[in-house]
Amino acid sequence: MSKSTDQEPTLQAPAGKDSTSITRRSVLAGAAAATAAATIGTDVPALAQAADPPTDLEVFVTLSSALTGIAGNKLKPFADSLDLSKDYLTWVTDWAAKKPSTAFTTLLQITRSTSLPVFKDDGIIKQPDVDRLVKAIEGKGDEPKYLARSIVLMWYLGSWYEPDDLKNLPLTAPSFIKHTVISPKAYTQGWVWRVAQAQPMGYSDLQFGYWTREPPPLSDFIANHETRKRS
Amino acid sequence: MADEDIDVVIVGSGFAGSLIANELAKLGKKIVILEAGDGVPSNINGYMERFYKAEDKVPESPYPPSMSDKDGHFKTLDPKDVRAGRPTVRTLTPTAWNDPRQSYLDQSKAKLPFASTYNRVAGGTSHWLGTCLRFVPSDFRMKTLYGKTVPEFVDWPIGYDDLVEWYGKAEAEIGVSADVADQRYLNIYFPPDYNYPMPPIPQSPTDRAIGDALATLKPDQTAFLGMTPSPTSIRVRPVPAARNSQPYRNRRACAGNTNCIPICPIQAKYDPTVSLNEALNHRNVRLMRHTVAREIILDAELRNVSEIKYTRYSTTSNETLTDTIRAKVFVIAANAIETPRLLLMSTNDGRTPDGVANFTGKVGRYLMDHPYYVAWGQLPLDGKQVWPYRGPLITSGIGDLCDGPFRSQRGAFRVDIGNEGWNFVAAGIVGSDPHATTIDFVNGVNRSLPKQPSRNRGGLFGPALTKALNDNITRQFRIGFLVEQTPDADNRVTLSDHVDGLGLRRPKIAYDLSPYTRRGIAAAYKMKNLIFQKMNATDYTDHAVLPGDPTRFDQDIDGKTITLNYGGAGHIMGTCRMGFDQNDSVVDSFQRSHDHDNLYLVGSSTFPTGATANPTLTIAALALRTADRIAQRV
Chain A
1 MSKSTDQEPT
11 LQAPAGKDST
21 SITRRSVLAG
31 AAAATAAATI
41 GTDVPALAQA
51 ADPPTDLEVF
61 VTLSSALTGI
71 AGNKLKPFAD
81 SLDLSKDYLT
91 WVTDWAAKKP
101 STAFTTLLQI
111 TRSTSLPVFK
121 DDGIIKQPDV
131 DRLVKAIEGK
141 GDEPKYLARS
151 IVLMWYLGSW
161 YEPDDLKNLP
171 LTAPSFIKHT
181 VISPKAYTQG
191 WVWRVAQAQP
201 MGYSDLQFGY
211 WTREPPPLSD
221 FIANHETRKR
231 S
Chain B
1 MADEDIDVVI
11 VGSGFAGSLI
21 ANELAKLGKK
31 IVILEAGDGV
41 PSNINGYMER
51 FYKAEDKVPE
61 SPYPPSMSDK
71 DGHFKTLDPK
81 DVRAGRPTVR
91 TLTPTAWNDP
101 RQSYLDQSKA
111 KLPFASTYNR
121 VAGGTSHWLG
131 TCLRFVPSDF
141 RMKTLYGKTV
151 PEFVDWPIGY
161 DDLVEWYGKA
171 EAEIGVSADV
181 ADQRYLNIYF
191 PPDYNYPMPP
201 IPQSPTDRAI
211 GDALATLKPD
221 QTAFLGMTPS
231 PTSIRVRPVP
241 AARNSQPYRN
251 RRACAGNTNC
261 IPICPIQAKY
271 DPTVSLNEAL
281 NHRNVRLMRH
291 TVAREIILDA
301 ELRNVSEIKY
311 TRYSTTSNET
321 LTDTIRAKVF
331 VIAANAIETP
341 RLLLMSTNDG
351 RTPDGVANFT
361 GKVGRYLMDH
371 PYYVAWGQLP
381 LDGKQVWPYR
391 GPLITSGIGD
401 LCDGPFRSQR
411 GAFRVDIGNE
421 GWNFVAAGIV
431 GSDPHATTID
441 FVNGVNRSLP
451 KQPSRNRGGL
461 FGPALTKALN
471 DNITRQFRIG
481 FLVEQTPDAD
491 NRVTLSDHVD
501 GLGLRRPKIA
511 YDLSPYTRRG
521 IAAAYKMKNL
531 IFQKMNATDY
541 TDHAVLPGDP
551 TRFDQDIDGK
561 TITLNYGGAG
571 HIMGTCRMGF
581 DQNDSVVDSF
591 QRSHDHDNLY
601 LVGSSTFPTG
611 ATANPTLTIA
621 ALALRTADRI
631 AQRV
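From first to last, the protein sequence lines stand for chains A and B.
In terms of our numbering, the first sequence opens at residue 1 and continues consecutively.
In terms of our numbering, the second sequence opens at residue 1 and continues consecutively.
Note that these hints are calculated values from the structure, not bench results.
A few of these clues could be false.
Straight-line Cα separation of at most 25 angstroms, DSS-like style, residue types lysine-lysine; simulated pairs [as the list claims (entries may be wrong)]:
1. B/328 x A/86
2. B/70 x A/99
3. A/185 x A/120
4. A/126 x A/140
5. B/309 x B/328
6. A/178 x A/86
7. A/140 x A/167
8. B/467 x A/120
9. B/70 x A/98
10. B/467 x A/145
11. A/126 x B/560
12. A/145 x A/178
13. B/75 x A/99
14. B/560 x B/526
15. B/467 x A/135
16. B/70 x A/185
17. B/70 x A/178
18. A/185 x B/218
19. A/98 x B/75
20. B/75 x A/178
21. B/534 x B/218
22. B/80 x B/109
23. B/467 x A/167
Every beta carbon over 10 angstroms from chain A, so not counted as near; a handful from chain B, in silico [stated by the list, open to error]:
24. 77
25. 81
26. 193
27. 300
28. 459
29. 519
30. 533
Output of the computed footprint for chain A on chain B, the stretches with three or more beta carbons under 8 angstroms from beta carbons of chain A [said to hold, decoys possible]:
31. 247-257
32. 381-391
Using N, Cα and C, we set each Cβ at its ideal position, and we do this for glycine too.
Using the sequences and the accompanying hints, generate a full structural model.
Here it is in structure tokens:
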């Protein structure tokens with residue numbers, strides 16, 4: 001990827017930004033931050049692009065992006081007809097209310113207070129920053145630790161695995177764990193298929209014979225498309 | 001239409017029943033089809049929704065009656081409450097398979113599990129893979145060729161020469177994609193100028209990786225196969241498939257959904273509802289759904305079937321209606337378990353105490369499957385990738401090892417190459433991959449197959465997670481071996497004392513694997529070792545043989561005791577065998593009962609031997625041949 005092409009300011013929505021709530025000010029602020037970052041050669045903290053305090057959805061998407069290793073703009077595209085990030089936020093919020101549990105509030109608080117720069121070339125948060133986030137989460141005990149894992153599995157598999165079940169899973173013995181497919185949409189948008197450079201079983205939008213050729217590179221599936229296509 | 005006008009009553013609307021109905025419908029015959037389960041839905045959206053939501057995407061998951069609650073969780077149904085019950089993958093677990101309170105099939109006395117399942121719904125085996133192999137000519141002459149050392153084997157009363165024309169017709173009806181040049185092996189031949197209806201399905205990277213690995217072999221590496229001479233190269237061939245490689249009869253080309261089993265979302269794969277719907281477009285054809293045939297009633301001389309007694313049930317209440325239906329000809333097209341069950345239930349008030357078509361006691365015997373030995377491998381992490389979860393479930397296989405002198409000593413096998421990574425029930429975990437591998441990495445455990453040093457619950461996150469998943473999953477592959485099983489008289493379907501939701505006695509199964517069949521699985525084990533060794537792949541198969549797995553058995557292989565296991569192929573065969581006369585069989589080569597002139601038993605229940613090919617194309621060829629015969633008499 002050419003560095004020189006990255007000098008163009010980007011007008012894409014910040015990671016996790018709810019498209020319906022984007023104001024001109026936040027777009028410009030995001031653009032200005034990106035320009036500044038490009039000029040001085042540093043990366044942009046995911047939550048620093050917006051002038052307004054980040055919403056829970058933005059924080060949730062940043063948390064999810066860090067833990068899954070997938071660009072925030074992939075988890076929540078600018079024009080998001082599926083709105084899966086909202087579905088998932090609602091699911092976890094409802095889960096926390098029903099349990100009841102403060103673990104999700106803890107996860108959001110930790111994410112808000114952790115600097116998570118976005119690797120500008122691909123929109124992916126770097127490993128050392130992810131590791132700092134995970135360390136902070138796991139320092140708060142098993143509840144946030146295993147809830148974080150449930151959230152990752154939700155993005156990857158479209159299914160909800162109870163944090164307690166993950167905690168109690170035998171280390172090696174094969175066993176079935178109950179899970180709930182959140183929705184048909186969630187199953188078909190699971191990220192594990194894309195991380196495997198494949199498509200969900202039973203939901204192909206590709207054409208006859210594609211399987212005989214090599215798939216596109218992994219970055220095509222999980223990295224920030226808006227940035228990548230300018231290279 | 002009034003009863004007396006009906007030409008043919010067909011019980012069951014799966015492959016054989018739908019094909020026969022459609023052929024006779026075109027000729028204007030008046031036909032009624034009795035279907036125990038639901039009818040054909042107006043579209044498959046409901047099936048897809050149920051599949052997507054299912055916690056376990058097992059073969060039965062899309063099809064009614066639903067095995068899931070509203071959240072997609074598996075629910076236990078006591079088979080005594082189900083009006084048209086069925087065996088399911090979820091009831092083959094170590095604790096359920098032989099418990100008639102959980103399992104529809106009564107296997108409480110079986111030595112080993114009969115591990116195949118079926119659906120009862122219009123269209124029958126719509127969850128099939130789509131493989132359309134022809135039998136090789138030797139498959140029809142097993143007694144002649146190998147009967148000296150394997151007395152269980154019998155010859156078919158017909159041979160490849162008799163079926164070659166019907167295979168072609170079946171391939172046209174179903175819509176098969178293949179190339180004759182690829183399919184000429186072990187004496188399979190085609191009429192001059194014959195072409196399959198569509199070009200072949202392209203091969204996957206996994207197919208090519210295995211083909212490359214087996215391109216050059218030393219004779220001592222393949223001596224264990226018992227072929228003459230020992231092969232120095234084994235070819236991976238595209239599998240003929242009922243899967244469109246181009247638009248065919250108003251159905252789309254395959255889009256590689258990797259979901260042939262349980263359901264193709266775009267019906268690029270043929271299923272029997274295609275022919276069934278065509279049949280039902282004729283005004284002379286009627287389908288009665290939720291209608292369970294319960295007795296075949298004979299005339300006073302016991303020579304002909306006069307009527308069939310059935311019960312219709314409501315799906316919204318406990319209401320039922322029992323009545324009879326008359327016709328000139330009766331076709332039983334259930335499957336190799338439900339067909340003998342119906343025959344055995346038909347005691348005619350004591351006039352046929354052993355059931356219908358059973359004067360010589362052969363009904364229900366010689367139950368066969370293709371015991372399926374499955375192996376999981378992974379290529380080196382620093383080596384090439386094969387990218388599973390792309391394309392049809394299976395695009396290629398190895399057919400050249402299906403026949404040879406070894407067949408006088410051990411069961412033959414055919415190799416399937418999977419394009420679905422470790423999705424196929426990895427390590428006994430229902431739901432399997434990619435779920436199991438993802439959970440392992442995210443949760444820092446090794447609960448499926450050991451892929452990593454134990455991280456003691458230290459999960460991977462961020463770029464480390466995407467890299468680990470991509471590195472591993474893109475190098476996973478699976479192969480399976482369909483092993484020929486001897487027709488053993490004691491492997492049989494009888495009637496259980498346990499009943500279903502209509503009070504009808506459920507099928508009781510006795511099943512075991514003969515030493516010959518076990519030696520076939522042992523040879524498959526050795527072939528697996530050869531393939532993995534040539535690919536430099538890590539073998540995870542042993543880990544999949546779990547303690548408590550009821551299909552486990554110990555086998556002596558070159559002086560060592562190796563624990564093997566098997567799955568069901570869904571290929572239920574042999575319980576109403578075809579033969580030369582009443583003394584050796586239940587039906588003749590036209591699948592007509594030796595005992596009753598107007599009764600036909602169709603489908604793989606009539607196979608005298610099971611070979612190694614998936615049975616569907618042969619079921620279809622026989623069904624078209626039978627339809628032609630019936631058309632001449634009504």
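Going down the list of hints, with the structure as the test:
1. B/328 x A/86: violated (62 angstroms)
2. B/70 x A/99: holds (21 angstroms)
3. A/185 x A/120: violated (29 angstroms)
4. A/126 x A/140: Measuring from Cα to Cα gives roughly 22 angstroms; hence the hint holds.
5. B/309 x B/328: Holds, at roughly 15 angstroms.
6. A/178 x A/86: holds (24 angstroms)
7. A/140 x A/167: At roughly 15 angstroms apart (the allowed maximum being 25 angstroms), residue 167 of chain A and residue 140 of chain A satisfy the hint.
8. B/467 x A/120: Cα-Cα ~19 angstroms, so holds.
9. B/70 x A/98: holds (19 angstroms)
10. B/467 x A/145: holds (21 angstroms)
11. A/126 x B/560: Outside the cut-off at roughly 51 angstroms; violated.
12. A/145 x A/178: holds (19 angstroms)
13. B/75 x A/99: holds (24 angstroms)
14. B/560 x B/526: holds (13 angstroms)
15. B/467 x A/135: holds (20 angstroms)
16. B/70 x A/185: The hint holds at about 16 angstroms.
17. B/70 x A/178: holds (14 angstroms)
18. A/185 x B/218: The hint is violated at about 51 angstroms.
19. A/98 x B/75: Cα-Cα ~24 angstroms, so holds.
20. B/75 x A/178: holds (12 angstroms)
21. B/534 x B/218: Roughly 11 angstroms between the alpha carbons, so the hint for residue 534 of chain B and residue 218 of chain B holds.
22. B/80 x B/109: Holds: residue 80 of chain B and residue 109 of chain B sit about 18 angstroms apart, inside 25 angstroms.
23. B/467 x A/167: Holds. Residue 467 of chain B to residue 167 of chain A sits at ~24 angstroms (cutoff 25 angstroms).
24. 77: holds (18 angstroms)
25. 81: Given a closest Cβ separation of 23 angstroms, the condition holds.
26. 193: Non-interface label on residue 193 of chain B holds, nearest chain A Cβ at 26 angstroms vs cutoff 10 angstroms.
27. 300: holds (54 angstroms)
28. 459: Violated: least Cβ distance 6 angstroms, not greater than 10 angstroms.
29. 519: Per Cβ check, residue 519 of chain B is outside 10 angstroms of chain A; nearest 28 angstroms; holds.
30. 533: holds (25 angstroms)
31. 247-257: With 5 residues close enough to chain A, the hint holds.
32. 381-391: With 5 residues closer than 8 angstroms to chain A, the segment 381-391 of chain B meets the three-residue bar; holds.
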